Amino acid sequence: MRIQIPEGATEVSGAVRVQPQEKVYLLSFVTSERTAKTIAEDLRPDSPLAVESPSSSSLSGEGFRHLGLTPPQELKSVRTTSACPPCVDDSRRRHIQGIEIHIGEVPGERVRVYLTAY
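Just so we're aligned: 66 in numbering that gives the first Met the number 0 is position 67 of the sequence shown, and the numbers increase by one with no gaps anywhere.
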């Protein structure tokens, strides 16, 4: 994904899920709200972050569960968007077809960022 883990991020987890036709890259960490928004904006999303219902589908669900995390689609008030690096000519991520971005609240003043790329 070519994402720089922000300084001060905690609970960093990542994995690559190999599927028959593609690899799915998973990355999650806890950081400040401000940092999470900056990361989302840097990915050049298709639309602004918006609250999604807990039952919305996602490519990332079982992969994050495998990492010991509650999947983002099961969180209340998770904000989500997506990005298409080839669509916006983001040469930093030209090997990625799409990125799902989820930001969910965690106890305290921080948020959990979930990134899924394929």
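Incorrect hints may have been included.
[Unchecked claim] Keeping only pairs whose Cα atoms sit at most 30 Å apart, straight-line, the calculated DSS-like set for lysine-lysine is:
1) K36 with K75
2) K22 with K75
3) K22 with K36
The set of hints was computed from the structure by calculation and includes no laboratory data.
Given the structure is predicted, the values throughout are model-derived calculations rather than measurements.
Hint-by-hint comparison with the structure:
| no. | hint | in the structure |
| --- | --- | --- |
| 1 | K36 with K75 | 18 Å, holds |
| 2 | K22 with K75 | 28 Å, holds |
| 3 | K22 with K36 | 26 Å, holds |
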